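Peer 1: Protein chains in written order, with the working numbering: chain A, 48 to 384; chain B, 48 to 384.
No lab work stands behind these hints: they were computed from the structure. Certain hints may be false.
[Unchecked claim] Below, in silico cross-link-like pairs of lysine-lysine (DSSO-like), each with a Cα-Cα straight-line distance of 27 Å or less: (1) Lys374/B / Lys310/A; (2) Lys310/B / Lys325/B; (3) Lys321/A / Lys310/B; (4) Lys185/B / Lys243/A.
On a predicted model such as this, the values are computed, not experimentally measured, just so you know.
There are 2 protein chains.
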Amino acid sequence: MGETVKVAVDAMGGDNAPVEIIKGAVLAAQENADLLIYLVGDEEIIRKELSQYTYREEQFVIVHTTEIIETAEPPVMAIRKKKDSSLVRALMLVKEGTCDAYVSAGSTGATLVGGQLLVGRLKGVERPPLAPLIPTEKGPALLIDCGANVDARPSMLVQFAKMGSIYMENFAGIKNPRVGIVNIGAEEEKGNQLVKDTFPLLQNCPEINFVGSVEARDIPAGAADVVVCEAFTGNVVLKMYEGVAKSLMRTVKKGLMSSLRSKIGALLIKPALKDVLKTFDVEQYGGAPLLGLNGLVVKTHGSAKANEVKNSILQCVTFKEQRINEKIRERISTQDA
Amino acid sequence: MGETVKVAVDAMGGDNAPVEIIKGAVLAAQENADLLIYLVGDEEIIRKELSQYTYREEQFVIVHTTEIIETAEPPVMAIRKKKDSSLVRALMLVKEGTCDAYVSAGSTGATLVGGQLLVGRLKGVERPPLAPLIPTEKGPALLIDCGANVDARPSMLVQFAKMGSIYMENFAGIKNPRVGIVNIGAEEEKGNQLVKDTFPLLQNCPEINFVGSVEARDIPAGAADVVVCEAFTGNVVLKMYEGVAKSLMRTVKKGLMSSLRSKIGALLIKPALKDVLKTFDVEQYGGAPLLGLNGLVVKTHGSAKANEVKNSILQCVTFKEQRINEKIRERISTQDA
Numbered sequence: 048m049g050e051t052v053k054v055a056v057d058a059m060g061g062d063n064a065p066v067e068i069i070k071g072a073v074l075a076a077q078e079n080a081d082l083l084i085y086l087v088g089d090e091e092i093i094r095k096e097l098s099q100y101t102y103r104e105e106q107f108v109i110v111h112t113t114e115i116i117e118t119a120e121p122p123v124m125a126i127r128k129k130k131d132s133s134l135v136r137a138l139m140l141v142k143e144g145t146c147d148a149y150v151s152a153g154s155t156g157a158t159l160v161g162g163q164l165l166v167g168r169l170k171g172v173e174r175p176p177l178a179p180l181i182p183t184e185k186g187p188a189l190l191i192d193c194g195a196n197v198d199a200r201p202s203m204l205v206q207f208a209k210m211g212s213i214y215m216e217n218f219a220g221i222k223n224p225r226v227g228i229v230n231i232g233a234e235e236e237k238g239n240q241l242v243k244d245t246f247p248l249l250q251n252c253p254e255i256n257f258v259g260s261v262e263a264r265d266i267p268a269g270a271a272d273v274v275v276c277e278a279f280t281g282n283v284v285l286k287m288y289e290g291v292a293k294s295l296m297r298t299v300k301k302g303l304m305s306s307l308r309s310k311i312g313a314l315l316i317k318p319a320l321k322d323v324l325k326t327f328d329v330e331q332y333g334g335a336p337l338l339g340l341n342g343l344v345v346k347t348h349g350s351a352k353a354n355e356v357k358n359s360i361l362q363c364v365t366f367k368e369q370r371i372n373e374k375i376r377e378r379i380s381t382q383d384a
Numbered sequence: 048m049g050e051t052v053k054v055a056v057d058a059m060g061g062d063n064a065p066v067e068i069i070k071g072a073v074l075a076a077q078e079n080a081d082l083l084i085y086l087v088g089d090e091e092i093i094r095k096e097l098s099q100y101t102y103r104e105e106q107f108v109i110v111h112t113t114e115i116i117e118t119a120e121p122p123v124m125a126i127r128k129k130k131d132s133s134l135v136r137a138l139m140l141v142k143e144g145t146c147d148a149y150v151s152a153g154s155t156g157a158t159l160v161g162g163q164l165l166v167g168r169l170k171g172v173e174r175p176p177l178a179p180l181i182p183t184e185k186g187p188a189l190l191i192d193c194g195a196n197v198d199a200r201p202s203m204l205v206q207f208a209k210m211g212s213i214y215m216e217n218f219a220g221i222k223n224p225r226v227g228i229v230n231i232g233a234e235e236e237k238g239n240q241l242v243k244d245t246f247p248l249l250q251n252c253p254e255i256n257f258v259g260s261v262e263a264r265d266i267p268a269g270a271a272d273v274v275v276c277e278a279f280t281g282n283v284v285l286k287m288y289e290g291v292a293k294s295l296m297r298t299v300k301k302g303l304m305s306s307l308r309s310k311i312g313a314l315l316i317k318p319a320l321k322d323v324l325k326t327f328d329v330e331q332y333g334g335a336p337l338l339g340l341n342g343l344v345v346k347t348h349g350s351a352k353a354n355e356v357k358n359s360i361l362q363c364v365t366f367k368e369q370r371i372n373e374k375i376r377e378r379i380s381t382q383d384a
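Use the sequences and the hints to build the structure in full.
Peer 2: Right under this line is the structure:
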């Protein structure tokens, strides 16, 4: 048995809370005996859900809370006012050092704000980026940042590149990950002011494997392992993935119903198509880490089901085992010394 | 017969020049007798190509040039140095008032720079936006700007919204087109500084039908008819369309070859699938107009074939007939008065 990994789980956050969250927590605990899971939320509800499963009692701690932060609430206000919410209390467990990591399917905004305000940044980190894995033809790539840092500064993007490289090297096992900056052309002179200012900084950064500009067109093909951008662009990239894939598939489905021939064909390809589409689903990789904090903060999709919650919790084990935060701290503070 | 529409066509620009360009010009002339097409490029080559077709001689003028601007050349330098290039001479025909419009499949950069420097802006227009049509589930939408105006100011985006509305109303026949601004959330307080500053200006603009923020996810579904953004975001949106669709389709194809059952199914759906994919191809609508200039400048894809060239030339007829530039001039100068 390895070192115990303590994870604070927001049992009340997300569209499918508490049912799928607690089911996911039980599945994670069954899969990894090193996990000690703090279920944060209404104790009575949590106990009732837990009673449906077989689990080792010593792997769970219940932390009773009375409030819930809704997705639509303005994040800063919610964090400040709802001190006894499951989201805030779960973050506090990481801040106090009781837990190593936090997992929530609740409000993204509150997690971003709370992660920064309550858990706090590692020394030297300017802003914590939210970095989901995205599917590409060459396997998953890290899209960093998709969080709150719109209008970022060049120095932030350099830190995103470094943190992203450490994450992909240690978490996904990609040696010397290729770092690209999202740009509107491959030529060095192209781009907006932010990209033009950031480009030479990345070129002169010996700790990363910078491959230059990456056009949005080449991201799904797998042009880089770490795709660096400020959060506005990151959000557009992430949501275009989702939007184009969904619209295209709806259009294809409609089209296949146009003739008997294609209807029969559609029936035959259905199982294979389903498998294929899964490999191109942005939600398949589970939670996105908010990097550069004093502890790991993981945001899973609001619509997360038990399996995604399980994977998000198991992710915290790898994160701790690979000492990713220690490596980030070392590399970022070296830079600032 | 209507008014003559004179179009300067860069016969030497694009991957398939001069063959497909000249074929497209002949097809356009055959389809519309009001067209007078100036074919700009090497006279000998143009005559040789033309000799393969049946056409009315009075619909064509050949303007001999000796230089060609390559796609990879730095645009500003190319425009300044290659005065006798087909691209520059074609633009000059519009500037001088000899032609109403310009069509080229050549260098995008040189067309953007040359359009602005040589043809010149309409009075009151801050910057000319490049505005391609993109496919959505509800029909084509205008993505404005995908050109050179990265780091745009709020007042420019307001002009893009106005010009885009006029274009979609008059060119695509959409009454009261829905204008949306690309944003990372539907809430009004979200966005980067540019979006936050532009949002209230669009809200207070009585001449457009502003529907608020549009998330990238909802663009392919057809959430707006006029999708406003600065050019960096516009390029990312446009190229994600292309990138996701291509990668998804490559992945689907590979997946369908995985079993005999799906292989047979794939054969049956092939014709229907091909038709469907065409409806989701960003290149289907032909050239993108560079709006707000003293004449119409149309940039077609570098890979354009005869049919796209034909459509781009025919587009110039509609543009003139609908008096789109007069309407832009009226509405933009009213605002600045």
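Peer 1: For each hint, tell me whether it holds in the structure or not.
Peer 2: Results of checking the hints against the structure:
1. At most 27 Å may separate the alpha-carbon atoms for a hinted pair to count; lysine 374/B and lysine 310/A exceed this at roughly 48 Å.
2. Proposed proximity of lysine 310/B and lysine 325/B is supported: the alpha carbons are some 22 Å apart, at most 27 Å.
3. Between the alpha carbons of lysine 321/A and lysine 310/B the distance comes to roughly 15 Å, so the proposed pair stays at or under 27 Å and holds.
4. For the suggested pair lysine 185/B and lysine 243/A, the alpha carbons sit about 37 Å apart, so the restraint of at most 27 Å is broken.
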